[in-house]
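J.: Position 276 of the sequence shown, counting from 1, maps to 276 under the numbering used here, and the rest follow consecutively.
Think of the hints as simulated: they come from the structure by calculation, not from any bench. You may find that some hints are simply not true.
The following label-pair restraints were derived from C-beta to C-beta distances [what the hints assert, rightly or not]:
#, residue 1, residue 2, range
1, G173, I193, 14 to 24 Å
2, L73, S138, 25 to 35 Å
3, L296, N200, 11 to 21 Å
4, S75, S145, 18 to 28 Å
5, G216, N149, 34 to 44 Å
6, G209, K84, 45 to 55 Å
Pairs of lysine-lysine, DSS-like flavour, derived with a Cα cap of 25 Å [said to hold, decoys possible]:
#, residue 1, residue 2
7, K113, K84
8, K219, K170
9, K219, K84
10, K219, K243
11, K168, K76
Every value quoted in this text rests on a predicted model; they were computed, and no experiment measured them. C-beta atoms are modelled at their ideal positions from N, C-alpha and C, and glycine is treated no differently.
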Amino acid sequence: MEGLVSSGINTVRVFGVTKHQSRFRPSSTLHLRNKSVCGIGIGVEEKKKKQQRCFVVAASVGGSKVGHFENTLPSKVVLELWRKGDAVCFDVDSTVCLDEGIDELAEFCGAGKAVAEWTARAMGGSVPFEEALAARLSLFNPSLSQLQNFLEQKPPRLSPGIEELIQKLKANGIVVYLISGGFRQMINPVASILGIPQENIFANQLLFGGSGEFLGFDKSEPTSRSGGKAVAVQQIKKARGFKTLTMVGDGATDLEARKPGGADLFVCYAGVQLRESVAAKADWLVFNFKDLINSLG
């Protein structure tokens with residue numbers, strides 16, 4: 001989950017992909033569109049139809065346009081690391097899943113606007129992840145019953161191709177992990193669908209009292225604070241003795257995982273969110289999981 005973006009990271013929302021055209025070249029071509037074309041301010045049913053054809057909902061922060069990236073075609077070294085790796089760690093929100101979990105839960109609890117406004121203000125500067133998480137949760141204090149109702153009524157929406165990709169990785173003997181700033185209660189159903197064991201999940205934990213009242217979140221989880229994904233990846237690599245590990249995600253916290261002792265390769269998945277400064281620093285930028293599937297052979 002890239003709940004907050006540090007100052008200077010431009011974000012573009014991406015909703016669709018065209019038919020896959022080549023083995024490695026990104027399958028979707030981004031086209032900036034007027035917001036009204038993408039379904040803002042129209043009926044629900046019409047909006048759904050519009051979104052099927054729309055690639056970008058909002059232009060990047062500050063109005064800058066999406067630039068040209070040099071890393072959409074992987075180098076031989078990058079391909080070798082991807083194919084021969086021991087493990088792959090996936091971000092969840094806006095990567096494995098189409099949605100940002102905390103935003104969806106806030107919307108369900110009637111505080112979507114307040115959380116979105118807080119996030120928008122915070123994007124003007126650098127805010128430690130743990131402070132951002134606590135502040136946003138305090139705006140709606142979800143109860144256990146609300147969370148349970150949310151999970152029943154809002155099943156996970158997986159990104160196109162992610163199930164096939166994870167099946168292919170596992171078939172090739174590559175161990176798969178989920179590393180998220182989101183919440184275990186919301187990620188467990190995703191892991192179940194994908195056949196990923198609970199012990200391969202690194203995420204935050206919502207805490208509730210005896211009457212189901214919201215108490216906060218477990219601050220002992222590495223992913224509950226800034227730099228936590230890097231710590232989680234380092235722990236995984238050290239504990240399991242993996243020689244080559246890849247991190248796949250959309251945000252700055254995923255990019256941070258590529259540190260000494262951490263991820264050897266960072267693949268930026270921009271099929272949902274394109275964060276320009278993150279994408280530019282990735283070893284490989286993809287817009288469709290088909291590119292990763294096909295490269296495995």
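J.: Are the hints correct? Go through all of them and say.
T.: Hints, one by one, checked against the model:
1. G173 x I193: 14 to 24 Å: holds (21 Å)
2. L73 x S138: 25 to 35 Å: For S138 against L73, whose Cβ atoms are near 44 Å apart, the range 25 to 35 Å is violated.
3. L296 x N200: 11 to 21 Å: holds (19 Å)
4. S75 x S145: 18 to 28 Å: Once the Cβ atoms are compared, 51 Å apart, the range 18 to 28 Å for S145 and S75 is violated.
5. G216 x N149: 34 to 44 Å: violated (20 Å)
6. G209 x K84: 45 to 55 Å: holds (48 Å)
7. K113 x K84: violated (44 Å)
8. K219 x K170: violated (31 Å)
9. K219 x K84: Not satisfied, since the Cα-Cα distance of roughly 35 Å exceeds 25 Å.
10. K219 x K243: violated (29 Å)
11. K168 x K76: Distance of about 20 Å is within 25 Å: holds.
This entry does not satisfy hints 2, 4, 5, 7, 8, 9, 10, going by the numbered hints stated previously.
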